[in-house]
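**Student:** Chains A and B, in that order, give the protein sequences. Residue numbering for the first sequence follows the working numbering, starting at 1 and increasing by one per position. Residue numbering for the second sequence follows the working numbering, starting at 1 and increasing by one per position.
Warning: the hint list may mix true and false statements.
[As the list claims (entries may be wrong)] Listing some non-contacts, in silico: residues in chain B with all C-beta distances to chain A over 12 angstroms: (1) Glu-7; (2) Leu-17; (3) Pro-45; (4) Ser-129; (5) Ala-191; (6) Leu-268; (7) Thr-270.
[Claimed, not checked] Covered stretches of chain B (chain A as the covering partner; in silico rule of three or more C-beta atoms under 8 angstroms from a C-beta of chain A): (8) 164-177; (9) 242-250; (10) 256-263.
[Unchecked claim] Label-pair ranges, simulated between beta-carbon atoms: (11) Arg-165/B to Gln-122/A: 22 to 30 angstroms; (12) Gly-7/A to Leu-124/B: 29 to 37 angstroms; (13) Thr-154/B to Glu-50/A: 24 to 32 angstroms; (14) Leu-172/B to Leu-14/A: 53 to 61 angstroms.
It should be emphasised that the hints constitute simulated quantities derived from the structure, not laboratory data. Every residue gets a Cβ at the ideal spot worked out from N, C-alpha and C, and that includes glycine.
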Amino acid sequence: MAQIAAGDEASLELLYDRYATAVMGVAYRVLQNRGEAEDVVQETFWRAWENASQFQVRRGSCKNWLLGIGRNLAIDTLRRQKVRPGAAESSDMEILLEREPDRNSDTAAVAVANMTHNQVSQAMATLPDEQQVVLRLAYFDGLTRREIAEKEAVPLGTVHTRARLALLKLGDLLREQGIL
Amino acid sequence: MNEQIEELLPFYVLGALTDEETAVVEAYLAANPEARQRLDALAEPAAFLPHDAPPITLSANAKTQLMARVRASKVEVERGKTAVSSPPSPIFWQQLVAWWRGLGQSRLMPSLAVGSMALAAILLFWAFSLRGQMTGQQEKIAALEAAVINREATIMSLGATLAERDALVETLQNELAGQNDALAALNNDAATLQQQLADYDTVLAQLTQPETQLVAINSEQGVATGQLLFTGEGETAVFVLADLAPLTEAQDYQAWLIDDTGAHSAGLLTVSGDGHAILRVDADRAIGSLTAVGISLEPAGGSEQPTTVIMLGFLTPSST
Numbered sequence: 001m002a003q004i005a006a007g008d009e010a011s012l013e014l015l016y017d018r019y020a021t022a023v024m025g026v027a028y029r030v031l032q033n034r035g036e037a038e039d040v041v042q043e044t045f046w047r048a049w050e051n052a053s054q055f056q057v058r059r060g061s062c063k064n065w066l067l068g069i070g071r072n073l074a075i076d077t078l079r080r081q082k083v084r085p086g087a088a089e090s091s092d093m094e095i096l097l098e099r100e101p102d103r104n105s106d107t108a109a110v111a112v113a114n115m116t117h118n119q120v121s122q123a124m125a126t127l128p129d130e131q132q133v134v135l136r137l138a139y140f141d142g143l144t145r146r147e148i149a150e151k152e153a154v155p156l157g158t159v160h161t162r163a164r165l166a167l168l169k170l171g172d173l174l175r176e177q178g179i180l
Numbered sequence: 001m002n003e004q005i006e007e008l009l010p011f012y013v014l015g016a017l018t019d020e021e022t023a024v025v026e027a028y029l030a031a032n033p034e035a036r037q038r039l040d041a042l043a044e045p046a047a048f049l050p051h052d053a054p055p056i057t058l059s060a061n062a063k064t065q066l067m068a069r070v071r072a073s074k075v076e077v078e079r080g081k082t083a084v085s086s087p088p089s090p091i092f093w094q095q096l097v098a099w100w101r102g103l104g105q106s107r108l109m110p111s112l113a114v115g116s117m118a119l120a121a122i123l124l125f126w127a128f129s130l131r132g133q134m135t136g137q138q139e140k141i142a143a144l145e146a147a148v149i150n151r152e153a154t155i156m157s158l159g160a161t162l163a164e165r166d167a168l169v170e171t172l173q174n175e176l177a178g179q180n181d182a183l184a185a186l187n188n189d190a191a192t193l194q195q196q197l198a199d200y201d202t203v204l205a206q207l208t209q210p211e212t213q214l215v216a217i218n219s220e221q222g223v224a225t226g227q228l229l230f231t232g233e234g235e236t237a238v239f240v241l242a243d244l245a246p247l248t249e250a251q252d253y254q255a256w257l258i259d260d261t262g263a264h265s266a267g268l269l270t271v272s273g274d275g276h277a278i279l280r281v282d283a284d285r286a287i288g289s290l291t292a293v294g295i296s297l298e299p300a301g302g303s304e305q306p307t308t309v310i311m312l313g314f315l316t317p318s319s320t
């Protein structure tokens, strides 16, 4: 990140090749639209380029920093769409046909990302359904705790309990798998 | 420990709090270091939630666009640096120093110094004024850009609505065209049925006359059968034919009245889908004076004289 902060383009490319697929995964999961998700990825790495000097190792890994930026940008886009529905719809099939896949991705990094995804999704599947739902609605759908309570038709306190238990249980499971 | 704020911690790490709630939590964390440890226990697993989504390969175009944007920004920054820090050439610098030293020895120096300070003050004021104007212009530009974006969104939305309307109109037009075709077909059927009804009325009228006679009209080769209904002294007759073979578009069946002078056309037959035909003939002579009647197969529109006779019926002497 220090090299990126110093204006080294090659380091930014390396960072992109390593983590773009993971950021894309999150953005697509939130937006369900490939074109918009790619825009979010591009903006994420642009912000990393612009703000690399603000990155602090003690506050988390570079990967988590990027994923956090990407997730927040995607949620912002989703909320704008809710305010202005239908403004940015596009056909995923058209975009898939138009765009050539990037063959320069860091193969090893993509393999690690796939492995991590498998471990995390397995751990998530172990949680009770209602706890999984709370985590996903909050993280991927950007719903507030009150919106979740309304959507799930349960008291606010129940949503609080489910979120806390889910995170603690997820932490235990990830520790068992040795990835936390 | 504040239970109400502690309940917000899971949603803080999930990024699902409102701005106000986030501010409350951050103030609480700043004042309670032990709460930070409880937060970390939730934040660590939450950091893995993005991996619940499967990684997805991007298009090559996405990276190209990003790097083009980065390079463009670097060029812009370099231009800015050059404009600000470009040093004057050594010769120019030496000339400037020599001029300044010469000026220092001049008697005009005090008044020049006062004048320079006044000029500097004016320039400073002008610079602030320009900066203020520039900020105002930038705000206006930003507002205009936002307005343009809104207009574009509205146009896109209207375009989508218009396209939906056009599609609906096209669908309705297609349905209408289909219904018109069906209506035309029904009208044709109705006309045919009306014609058949009129023909049957003609036959019925002929049959109800007491002196009505029947003459068989026999097929020369095919399976068609027929009758001629007439009264001996009357000049009106009706051909009733059945099992006529279907015609091509280039063919017609033609009826003939035959006497000693030759064959005289009695008109073309209109054949129904099931091979029936009825033809009323108003002759210029008594039907009983004829020697025979016939049906021929002719080119479309009929002929002056019969070319291919397919049915014949003889009137004399048995039929009169």
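**Student:** Look at each hint and say if it fits the structure.
**Tutor:** Okay, the hints, checked on the actual structure:
The beta carbon of Glu-7/B sits about 4 angstroms from the closest Cβ of chain A, which is not more than 12 angstroms, so the claim that it is off the interface is violated. Residue-level check failed: Leu-17/B sits 7 angstroms from the nearest beta carbon of chain A, not beyond 12 angstroms. Interface exclusion of Pro-45/B from chain A breaks down, the closest Cβ pair being 4 angstroms apart, not more than 12 angstroms. For Ser-129/B, the non-interface assignment is confirmed: its Cβ lies about 31 angstroms from the closest Cβ of chain A, beyond the 12 angstroms cut-off.
Distance to chain A confirms Ala-191/B as a non-interface residue, since its nearest Cβ pair spans about 50 angstroms, more than 12 angstroms. Distance check for Leu-268/B against chain A: the nearest CB is about 61 angstroms away, which clears 12 angstroms, and the non-interface claim stands. Every Cβ of chain A is farther than 12 angstroms from the Cβ of Thr-270/B; the closest lies at roughly 57 angstroms, confirming the non-interface assignment. Counting residues of the stretch 164-177 of chain B whose beta carbon lies closer than 8 angstroms to any beta carbon of chain A gives 0, which falls short of the minimum of three for the stated coverage.
Closer than 8 angstroms: that is the beta-carbon criterion, and the stretch 242-250 of chain B has 0 residues meeting it against chain A, so the requirement of 3 is violated. Interface restraint, the stretch 256-263 of chain B with chain A: violated (0 residues with C-beta to C-beta distance below 8 angstroms; minimum three). Evaluation of the 22 to 30 angstroms hint for Arg-165/B and Gln-122/A yields a failure: the beta carbon distance comes to about 49 angstroms. Distance hint check for Gly-7/A and Leu-124/B: the Cβ-Cβ separation is about 34 angstroms, which falls inside the suggested range of 29 to 37 angstroms.
Taken as a hint, the range 24 to 32 angstroms holds for the pair Thr-154/B and Glu-50/A, whose Cβ atoms sit roughly 31 angstroms apart. Restraint check, Leu-172/B to Leu-14/A: a C-beta distance of roughly 58 angstroms satisfies the suggested window 53 to 61 angstroms.
This entry does not satisfy hints 1, 2, 3, 8, 9, 10 and 11, going by the numbered hints stated previously.
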